[in-house]
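Protein chains: 2
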Amino acid sequence: MAHIKLLNEELPGIVGLLNYSPATAQPLLLLAETLLRGPSTLTSGEREIIAASVSYRNQCHFCHTSHAAAAAAHLNAGVGLIDEIKAGLPNTDVSDKLRALLNIAHQVQGSGKNVKETDIKAARDLGATDKEIHDTVLIAAAFCMYNRYVDGLGTWAPAENEAYMEMGKQLAHIGYGKS
Amino acid sequence: MAHIKLLNEELPGIVGLLNYSPATAQPLLLLAETLLRGPSTLTSGEREIIAASVSYRNQCHFCHTSHAAAAAAHLNAGVGLIDEIKAGLPNTDVSDKLRALLNIAHQVQGSGKNVKETDIKAARDLGATDKEIHDTVLIAAAFCMYNRYVDGLGTWAPAENEAYMEMGKQLAHIGYGKS
Chain E
1 MAHIKLLNEE LPGIVGLLNY SPATAQPLLL LAETLLRGPS TLTSGEREII
51 AASVSYRNQC HFCHTSHAAA AAAHLNAGVG LIDEIKAGLP NTDVSDKLRA
101 LLNIAHQVQG SGKNVKETDI KAARDLGATD KEIHDTVLIA AAFCMYNRYV
151 DGLGTWAPAE NEAYMEMGKQ LAHIGYGKS
Chain H
1 MAHIKLLNEE LPGIVGLLNY SPATAQPLLL LAETLLRGPS TLTSGEREII
51 AASVSYRNQC HFCHTSHAAA AAAHLNAGVG LIDEIKAGLP NTDVSDKLRA
101 LLNIAHQVQG SGKNVKETDI KAARDLGATD KEIHDTVLIA AAFCMYNRYV
151 DGLGTWAPAE NEAYMEMGKQ LAHIGYGKS
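Those protein sequence lines, which keep their order, are chains E and H. Number 32 in the numbering used here belongs to position 32 of the first sequence; there are no gaps in the numbering. Number 16 in the numbering used here belongs to position 16 of the second sequence; there are no gaps in the numbering.
No lab work stands behind these hints, which were simulated from the structure alone.
A partial selection of chain E residues facing chain H, derived with a Cβ cut-off under 7 Å:
| id | residue |
| --- | --- |
| 1 | 30 |
| 2 | 108 |
| 3 | 112 |
| 4 | 141 |
| 5 | 149 |
Think about it this way: if two alpha-carbon atoms lie no more than 25 Å apart in a straight line, the pair counts; the simulated DMTMM-like pairs of lysine to aspartate or glutamate are:
| id | chain 1 | residue 1 | chain 2 | residue 2 |
| --- | --- | --- | --- | --- |
| 6 | E | 113 | H | 9 |
| 7 | H | 113 | H | 96 |
| 8 | H | 113 | E | 83 |
| 9 | E | 97 | E | 83 |
C-beta: ideal position from N, C-alpha, C; glycine also.
Just chain E, same shape as in the assembly:
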């Protein structure tokens, strides 16, 4: 049970919190929509992988699994992508540029101060633009917020990966416009 009395305790993860606090839900949803589905030279699938990977490193089961499922929906991949992201995508064909951006995201997950000039240069040498580096840092930073919001208030989350696949399709194809 969550640490506070939600309006509808059946709503999992951040969904119950957005429902509890509409005033903060509005900017939180707009930020996710902009970062993950707004105009970008990174695909939404790539951006959802960054979000899911950071969430996994923050041990936020709800955020990791729902955003990995969204990545799977964007990439027409199966449920196996969820555990693939946990493992660092050893069997998934992603660009070296995305791997370099994921390295930056993982540094940000620990602390903004962990990002080194060499991390930036490695991404840039593989073709990453300033805007892609900016967006990667902000996606990683934003999920350090969403993850702490979801877990800091003790929300519940379905355990099984399969339970997130329908939610992943909705996030991918309908988006973050509605709480």
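Starting from the structure of chain E, add chain H where the hints point.
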């Protein structure tokens, strides 16, 4: 110098980033305005102390000092409040409820999963409402984002506390509505 080429390199901390990326600036500013200056039974001074204290623990000099200066403006305190917040407010008259909420915020800074039922109960026993606990967790989580955004992109920040006092007044009295 920042890790990416900003439009105006003279703008410090998050200010240069908001200027670089207006699409994400809009929800980031609206979230700060809602959390720190929106309707709440916590004063804006109390909420800025929570924001500053979390930022200090994330070693984000720009965010700590600017939000501590905003707290000073709300509380009609001097520049000394900035270092007082670093030290855990040993000489400042704040309520036991705020100290219990700060403890929750400090747990969230480490990880959402660090918040224990006993932390919540301690705050509740001192009069904290569910909404106050919710807002405290989300302020702490949000500053784990802002701090990583500012430092993850290597922005510059003025060193001296005194350089932030005017900015603190603007944040306190004008707010976060404009980038």
